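Since the structure of chain Y is already known, use the hints to place chain F on it.
Protein chains in written order, with numbering that gives the first Met the number 0: chain Y, 0 to 377; chain F, 0 to 76.
Simulated from the structure, these hints should not be mistaken for laboratory data. This one's a predicted model, so the numbers in the text were calculated from it and none came from an experiment. Each residue gets a CB set at the ideal place from its N, CA and C atoms; glycine is no exception. Keep in mind that a hint or two might mislead.
[To be verified] Simulated restraints on C-beta separations:
| # | chain 1 | residue 1 | chain 2 | residue 2 | range |
| --- | --- | --- | --- | --- | --- |
| 1 | Y | 248 | F | 36 | 35 to 41 Å |
| 2 | Y | 358 | F | 36 | 16 to 22 Å |
| 3 | Y | 90 | F | 36 | 18 to 24 Å |
| 4 | F | 24 | Y | 291 | 55 to 61 Å |
| 5 | F | 36 | Y | 236 | 18 to 24 Å |
| 6 | Y | 324 | F | 37 | 18 to 24 Å |
| 7 | Y | 236 | F | 24 | 26 to 32 Å |
| 8 | F | 36 | Y | 57 | 31 to 37 Å |
| 9 | F | 37 | Y | 363 | 36 to 42 Å |
| 10 | F | 37 | Y | 289 | 58 to 64 Å |
[As the list claims (entries may be wrong)] The calculated lysine-lysine pairs, modelled on DSBU-like cross-linking and capped at a C-alpha distance of 35 Å, are:
| # | chain 1 | residue 1 | chain 2 | residue 2 |
| --- | --- | --- | --- | --- |
| 11 | Y | 91 | F | 28 |
| 12 | F | 28 | Y | 170 |
| 13 | Y | 325 | F | 28 |
| 14 | F | 28 | Y | 311 |
| 15 | F | 28 | Y | 44 |
| 16 | Y | 311 | Y | 75 |
| 17 | Y | 158 | Y | 274 |
| 18 | F | 28 | Y | 263 |
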Amino acid sequence: MMAALLLIRSTSADVLPDNRADVFYSKYSGGGMDITGYSATARAKVTENFALEANYFIDKVSGASVDVLSQASVIKDERKQKSGTLQYLHDKTTYAASYMTSVERDYISDTASFSLSQDMFGDLTTITLGFSNTHNKVGINNGTANKPDVAWLGHALTKAYSAGLSQIITKNFIAGVNLQVITDAGYLANPYRSIRYLDGSAKGYSLASQVYPQTHTSTAVQAQAKYYLPYRAAVTGVYRYYRDTWGVIGNTYELDYTHPISNKWIFEGRVRYYKQSAASFYSDLFPFAGSQNFTARDQNLAALDNTTIGGKVTYAFLPDGWRIFKRGTVTVDVSRIRFNYLDFRDIKDFGPPQYKPGSEPLYQFSAMVYQAYVSIYF
Amino acid sequence: MRLRHILISSAFAGSLLLTSGCSIQPWVKPYERDRLADPIMAWDRDAISNAYLDHIRESREGSRGATGGAGGGCGCN
Chain Y
0 MMAALLLIRS TSADVLPDNR ADVFYSKYSG GGMDITGYSA TARAKVTENF ALEANYFIDK
60 VSGASVDVLS QASVIKDERK QKSGTLQYLH DKTTYAASYM TSVERDYISD TASFSLSQDM
120 FGDLTTITLG FSNTHNKVGI NNGTANKPDV AWLGHALTKA YSAGLSQIIT KNFIAGVNLQ
180 VITDAGYLAN PYRSIRYLDG SAKGYSLASQ VYPQTHTSTA VQAQAKYYLP YRAAVTGVYR
240 YYRDTWGVIG NTYELDYTHP ISNKWIFEGR VRYYKQSAAS FYSDLFPFAG SQNFTARDQN
300 LAALDNTTIG GKVTYAFLPD GWRIFKRGTV TVDVSRIRFN YLDFRDIKDF GPPQYKPGSE
360 PLYQFSAMVY QAYVSIYF
Chain F
0 MRLRHILISS AFAGSLLLTS GCSIQPWVKP YERDRLADPI MAWDRDAISN AYLDHIRESR
60 EGSRGATGGA GGGCGCN
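This is chain Y alone, in the form it adopts within the complex (with noise of 0.2 Å):
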């Protein structure tokens, strides 16, 4: 389900960026997953005019949500991500095309993208345009995790149309909105979680498979402002409104406050709230099995909240640089997500006799997520 998503990228398109390698982990722990993640990019100019970008990441999964340990055992997973992008800039418009390759033991997606940026009116507003197409291999492992069983269950095409726009409002302040459109056909569902419905079994109830609309179309605008302060730091604040065609409407508010220390730390906070309605096909709990023609259970598509709290510090290194490299950092990233779940409750820990089906503790958990990368410029 996860599309890959075309970039929009608010840059000057005058200049391509500097040469940039990167080496990368991150670690998210938290709702019963710990995921550790490993990644290294390279981007170099071939000449003043072409550049070539290359990344591999690697993701590697323990554990389970909620929805699929209450019904599984843990999950031992891998996701292996490559991606390669060529950029080319003529005059003011720069062009973008990239190929990305996404493998899971039970999920294989592809996706082709082209993208191009222009500077207009003295360079004062950048517009962005995008396009891609993602094809997504959907299966489930009925093995374990030393001895997969995949079956496939079908096919997912994804289309995401994007725009954009950065302006320079004065010499302090900058802002832009994005806007996407997204398509998706196909094989939909997430086979590892299911739906519960009112039974006279006795738990009171039975888990069935989620049956999703063959079809999804969302929309999302992002508008963002950022604000150079009277001393040296920034604020950015940003908002997005979201909605599809399955009913979900989500809001997201952030503030980022930058602050940097002389030139070698830069210092920055953010807070992110992020609220959902439920999907029209959504339920915690059915009242039968086959009550409608649709039905699901999965917990993003519950009416949902979440906090995250972060920090970042970035340390340059190598000021003056040495031999090819003119510079460096090395960067530190935490951040707290705490999740609440207004619809969706928390039948792994509770259950019969105490709670009846339809009145456990609704579910909630904390997450915690760090990356460490350390980026040197060529």
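Coordinates of chain F only, in the frame set by chain Y:
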């Protein structure tokens, strides 16, 4: 009617902008953009990190898109 009024006004403003686009003078001169060129004013200072955070969110939220981030894979488990 209100929506129609907004659409007509937007189309009129858009055509004005397009027809006069070539004559717009940059009101922030290139030599006044030192603050905007400061790395702390970049939209996307660390693209890999931002893409990773977007992937984390899109695997756990119903919303997606328009953030400037990217990520592949399922996030099914």
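Here's how the hints hold up against the structure:
1. 248(Y) - 36(F): 35 to 41 Å: holds, 38 Å
2. 358(Y) - 36(F): 16 to 22 Å: violated, 58 Å
3. 90(Y) - 36(F): 18 to 24 Å: holds, 20 Å
4. 24(F) - 291(Y): 55 to 61 Å: Between residue 24(F) and residue 291(Y), where Cβ atoms are some 60 Å apart, the hint holds.
5. 36(F) - 236(Y): 18 to 24 Å: holds, 21 Å
6. 324(Y) - 37(F): 18 to 24 Å: holds, 22 Å
7. 236(Y) - 24(F): 26 to 32 Å: holds, 28 Å
8. 36(F) - 57(Y): 31 to 37 Å: Given about 35 Å between the Cβ atoms, the range holds.
9. 37(F) - 363(Y): 36 to 42 Å: holds, 40 Å
10. 37(F) - 289(Y): 58 to 64 Å: For residue 37(F) and residue 289(Y) the Cβ distance comes to about 60 Å; the hint holds.
11. 91(Y) - 28(F): holds, 17 Å
12. 28(F) - 170(Y): holds, 8 Å
13. 325(Y) - 28(F): With Cα atoms ~28 Å apart, residue 325(Y) and residue 28(F) stay inside 35 Å; holds.
14. 28(F) - 311(Y): With a Cα-Cα distance of about 32 Å, the restraint between residue 28(F) and residue 311(Y) holds, given a limit of 35 Å.
15. 28(F) - 44(Y): The hint holds at about 28 Å.
16. 311(Y) - 75(Y): Roughly 30 Å separates the two Cα atoms, so the pair holds.
17. 158(Y) - 274(Y): The given pair, whose Cα atoms are some 25 Å apart, holds under the 35 Å limit.
18. 28(F) - 263(Y): Answer holds: residue 28(F) to residue 263(Y) is near 28 Å, not above 35 Å.
Checked against the numbered hints above, the structure breaks only hint 2 and satisfies the rest.
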